[in-house]
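Undergrad: The chain contents come next:
Protein chains: 2
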Amino acid sequence: MTNTTLKKISEVLGLSISTISRALKNHPDISEKTKQKVIELAKALDYEPNASAIQLRTKHSKIFGLMVPTISNFFYDSFIASVEEESRKQGYSVMILQSSDDPEIERENLKLCRQNRVSGMFACLGSNVTDLSSFLRFKELDTPIIFFDKVPEEEGLNKVSMADKRVGEIAADAIILQKKKSVLSLFGNSNMSITKKRESAFKETFHLRSPSTQLLVEHAIDSQDAARLVHHHFEQHNSIDTIFCMSDEILIGAMKAIQEMNLNIPSDVSILSISNGFIPTLYHPSISYVETSGYQLGKLAFTQMMACLSGSDAMMEMTVDVKYIKGGSL
Amino acid sequence: MTNTTLKKISEVLGLSISTISRALKNHPDISEKTKQKVIELAKALDYEPNASAIQLRTKHSKIFGLMVPTISNFFYDSFIASVEEESRKQGYSVMILQSSDDPEIERENLKLCRQNRVSGMFACLGSNVTDLSSFLRFKELDTPIIFFDKVPEEEGLNKVSMADKRVGEIAADAIILQKKKSVLSLFGNSNMSITKKRESAFKETFHLRSPSTQLLVEHAIDSQDAARLVHHHFEQHNSIDTIFCMSDEILIGAMKAIQEMNLNIPSDVSILSISNGFIPTLYHPSISYVETSGYQLGKLAFTQMMACLSGSDAMMEMTVDVKYIKGGSL
DNA sequence: AGAAAGAACGCAAACGTTTGCGACATGCTT
DNA sequence: AAGCATGTCGCAAACGTTTGCGTTCTTTCT
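Here the protein sequences line up with chains A and B, keeping their order.
Counting in my numbering, the first sequence runs from 9 upward without gaps.
Counting in my numbering, the second sequence runs from 9 upward without gaps.
These are computed hints drawn from the structure, not numbers from a lab.
The structure displayed is predicted, hence computed values, not measured ones.
Just so you know, not all the hints are guaranteed correct.
Note that the list lumps identical chains together, so a pair holds whenever it fits in one copy or between two copies.
[As the list claims (entries may be wrong)] Straight-line alpha carbon distances no greater than 16 Å define the calculated EDC-like cross-link-like pairs of lysine to aspartate or glutamate that follow:
no. : residue 1 : residue 2
1   : 16        : 112
2   : 147       : 54
3   : 147       : 40
4   : 97        : 112
5   : 43        : 268
6   : 119       : 54
7   : 16        : 212
8   : 205       : 161
9   : 67        : 112
10  : 97        : 110
11  : 41        : 230
12  : 188       : 54
13  : 188       : 150
14  : 204       : 233
15  : 173       : 329
16  : 188       : 110
17  : 67        : 54
18  : 16        : 268
19  : 334       : 54
20  : 188       : 37
Whole structure, please, built from the sequences with the hints as guidance.
TA: Below, the structure written as structure tokens:
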């Protein structure tokens with residue numbers, strides 16, 4: 009069977025296509041009687057408007073593009089869920105793309121979004137993005153682009169992210185408050201702005217408030233690497249009393265190492281992490297963490313998108329607040 | 009700035025629209041010289057074809073719809089990642105929708121897919137779906153629909169799922185092999201066919217191979233409920249030596265209860281789970297599990313989709329094999 | 001009674017492509 | 001010189017909508 013069109017309905021009813029179109033849109037020009045007939049038949053024939061035709065005619069795709077390095081991630085998936093939910097409410101759909109951290113795929117995905125004439129773009133940079141030009145095309149075409157989480161450092165762009173500076177401060181404060189003396193702190197890829205911000209605020213806070221604390225800073229590329237680093241440092245310095253993890257991925261690696269070494273939390277070593285909140289609660293005792301909510305970030309990103317679409321031309325950098333969630337590990 | 013079109017290029021070059029179109033598609037009718045000029049200008053003007061126009065003209069949307077209850081799920085997200093990856097390679101994009109287990113939203117999402125004239129549909133049923141008719145519309149319109157994981161029981165549909173019967177058998181076998189005497193087995197929503205299959209195979213295997221084993225069967229609606237059930241039963245019967253969990257969600261709840269009761273694994277109690285493989289490795293010792301790979305299921309679903317699109321009319325029910333992954337918990 | 005106003009509907013263009021077919025020029029064959 | 005194949009290109013229709021404007025008919029006012 010083939011899809012019902014306005015034409016088909018018009019032929020059955022002996023009316024013009026435009027009348028059918030207007031009737032279905034409840035246009036005042038059309039009489040109630042006609043509207044009833046049209047609506048009834050449309051339902052009977054299971055009419056669904058052709059989105060492509062509408063897009064072509066109206067130039068409104070009602071589709072958002074959303075790109076993340078990977079959707080299999082406790083942070084991004086809640087962000088996506090949040091944006092998707094909000095978009096649906098407003099009659100938009102979301103085209104989700106994953107870049108797999110590959111600049112090539114990233115470009116291809118952006119091209120796809122442009123071909124589909126997306127109404128707006130949510131983008132999270134991969135960790136090895138050097139060339140922003142494919143992203144900036146959207147701006148040239150007046151398509152709003154909201155960067156989230158891993159945002160570029162350039163000025164004049166719309167960005168939403170966690171209050172990363174605050175994240176670093178709060179984490180450091182929590183550790184200082186417990187009078188810890190020797191901290192192994194594990195960060196992620198050091199050329200991402202998110203890492204830079206968290207790391208510098210973290211260090212700075214220690215420098216100001218507790219300069220005597222021993223601070224070992226390391227960068228882990230993945231979970232395994234984090235585990236390796238923990239093993240390595242515990243063999244060298246048995247004085248370490250606290251481990252700080254910048255992300256879930258790193259936390260998982262660190263915890264593996266700790267469990268392998270059969271260390272007790274928090275008597276042997278304290279743990280503090282930054283997380284969406286899911287992974288920390290899987291451990292026992294549950295891990296204390298600074299909460300970064302993907303869900304809230306999604307809401308914020310969506311709000312900003314809508315602001316852009318309704319004409320606000322103010323390029324803004326917004327952040328969502330964070331808080332410290334005390335568990336049993338620190 | 010506005011998007012470049014074939015018309016714009018044709019005007020600049022003093023050629024017709026059709027020539028531009030053919031030149032960009034490397035049509036043999038067009039001379040090499042013209043092709044060069046066209047391609048060059050198209051690049052300079054950053055031309056990207058309008059997907060809506062193409063879809064309207066060719067009736068090929070090159071888009072797949074994919075609906076899951078929620079994308080924030082260790083199983084689904086790998087399934088999605090898998091389908092998305094494969095689709096991209098074949099020039100398709102994926103429109104991902106989440107139903108939030110709400111039949112209303114489910115219908116809306118399906119409507120959206122129809123409006124976008126998706127080339128095919130991947131669907132995972134919500135746990136309280138009673139009416140399949142919105143799904144079957146796709147069949148009437150010759151749009152292939154592949155059900156995955158939570159599949160309907162009706163005949164004559166395309167379904168891919170884990171070999172759920174085997175899952176139940178393997179799980180039971182593993183427990184029997186360890187000569188366990190009293191098993192608390194936690195299943196999910198009992199009106200989902202996936203639960204039915206796993207549960208009946210599980211029970212049947214015990215019945216045949218080890219009728220003397222004490223089998224306590226419970227159904228948990230979520231993580232918390234699972235934790236509650238574990239607490240409840242351990243207060244009553246202190247003879248339980250094994251807990252079986254049908255899913256990650258249930259495992260997480262059960263583990264929480266066990267840790268709260270300060271039980272040792274596996275000396276106090278053994279654990280066996282069914283999982284994608286991520287969650288079990290977070291615990292120490294790592295949890296033994298029967299592996300159900302969302303990634304592989306995605307590949308299979310995609311293969312079947314492509315088969316449908318290339319004309320195969322055989323409605324098939326396919327399953328992907330499972331294996332037992334031994335950890336330290338059983 | 002005549003004019004103006006309103007109600008209900010149809011015409012046709014436009015959105016950006018693809019594609020069958022026809023048009024024209026050129027070179028080659030007898 | 002006439003015919004034919006070949007190489008390049010343009011015309012125009014079609015896909016399914018939306019929408020400004022025009023048309024027709026009925027009603028209402030003076």
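Undergrad: With reference to the structure, classify each hint as holding or not holding.
TA: Tested hints:
1. Neither within a single protomer nor between protomers do residue 16 and residue 112 lie at most 16 Å apart by alpha-carbon distance, with minima of 44 Å and 28 Å respectively.
2. In this assembly of identical chains, the alpha carbons of residue 147 and residue 54 lie at most 16 Å apart only when taken from different copies (14 Å versus 39 Å within one copy).
3. In the homo-oligomer, the alpha carbons of residue 147 and residue 40 never lie at most 16 Å apart, since the shortest distance is 44 Å inside one protomer and 34 Å across protomers.
4. Only between protomers do residue 97 and residue 112 lie at most 16 Å apart by alpha-carbon distance; the minimum there is 13 Å, versus 33 Å within a single protomer.
5. Proximity of residue 43 to residue 268 under the C-alpha cut-off of 16 Å is found in neither arrangement, the shortest distances being 72 Å within a copy and 64 Å between copies.
6. In this assembly of identical chains, the alpha carbons of residue 119 and residue 54 lie at most 16 Å apart only when taken from different copies (10 Å versus 34 Å within one copy).
7. Within a single copy, residue 16 and residue 212 get their C-alpha atoms no closer than 70 Å, and across copies no closer than 55 Å, so neither meets the 16 Å cut-off.
8. Taking the closest pair of Cα atoms, residue 205 and residue 161 come within 16 Å of each other only inside a single copy of the chain (11 Å); across copies the shortest separation is 53 Å, beyond that limit.
9. When the C-alpha separation of residue 67 and residue 112 is checked against a cutoff of 16 Å, the pair qualifies neither within a copy, at 28 Å, nor between copies, at 29 Å.
10. In this assembly of identical chains, residue 97 and residue 110 lie within 16 Å of each other by CA distance solely across copies; the values are 14 Å between and 32 Å within a copy.
11. Taking CA atoms no more than 16 Å apart as the test, residue 41 paired with residue 230 passes in neither setting, with 66 Å inside one copy and 51 Å between copies.
12. In this homomeric assembly, residue 188 and residue 54 never come within 16 Å of each other (Cα to Cα): the closest approach is 67 Å inside a single copy and 57 Å across copies.
13. In the homo-oligomer, the alpha carbons of residue 188 and residue 150 never lie at most 16 Å apart, since the shortest distance is 51 Å inside one protomer and 66 Å across protomers.
14. Taking the shortest alpha-carbon separations for residue 204 and residue 233, neither the intra-copy value of 19 Å nor the inter-copy value of 41 Å comes in at or below 16 Å.
15. In the homo-oligomer, the alpha carbons of residue 173 and residue 329 lie at most 16 Å apart inside one protomer (10 Å), although the nearest pairing across protomers, at 47 Å, exceeds that limit.
16. Taking the shortest alpha-carbon separations for residue 188 and residue 110, neither the intra-copy value of 40 Å nor the inter-copy value of 48 Å comes in at or below 16 Å.
17. Taking the shortest alpha-carbon separations for residue 67 and residue 54, neither the intra-copy value of 25 Å nor the inter-copy value of 19 Å comes in at or below 16 Å.
18. For a Cα distance limit of 16 Å, the shortest separation of residue 16 from residue 268 qualifies neither inside one copy, at 69 Å, nor across copies, at 65 Å.
19. Within a single copy, residue 334 and residue 54 get their C-alpha atoms no closer than 54 Å, and across copies no closer than 52 Å, so neither meets the 16 Å cut-off.
20. Taking identical chains as interchangeable, the C-alpha atoms of residue 188 and residue 37 are never at most 16 Å apart, the minima being 75 Å within one chain and 76 Å between chains.
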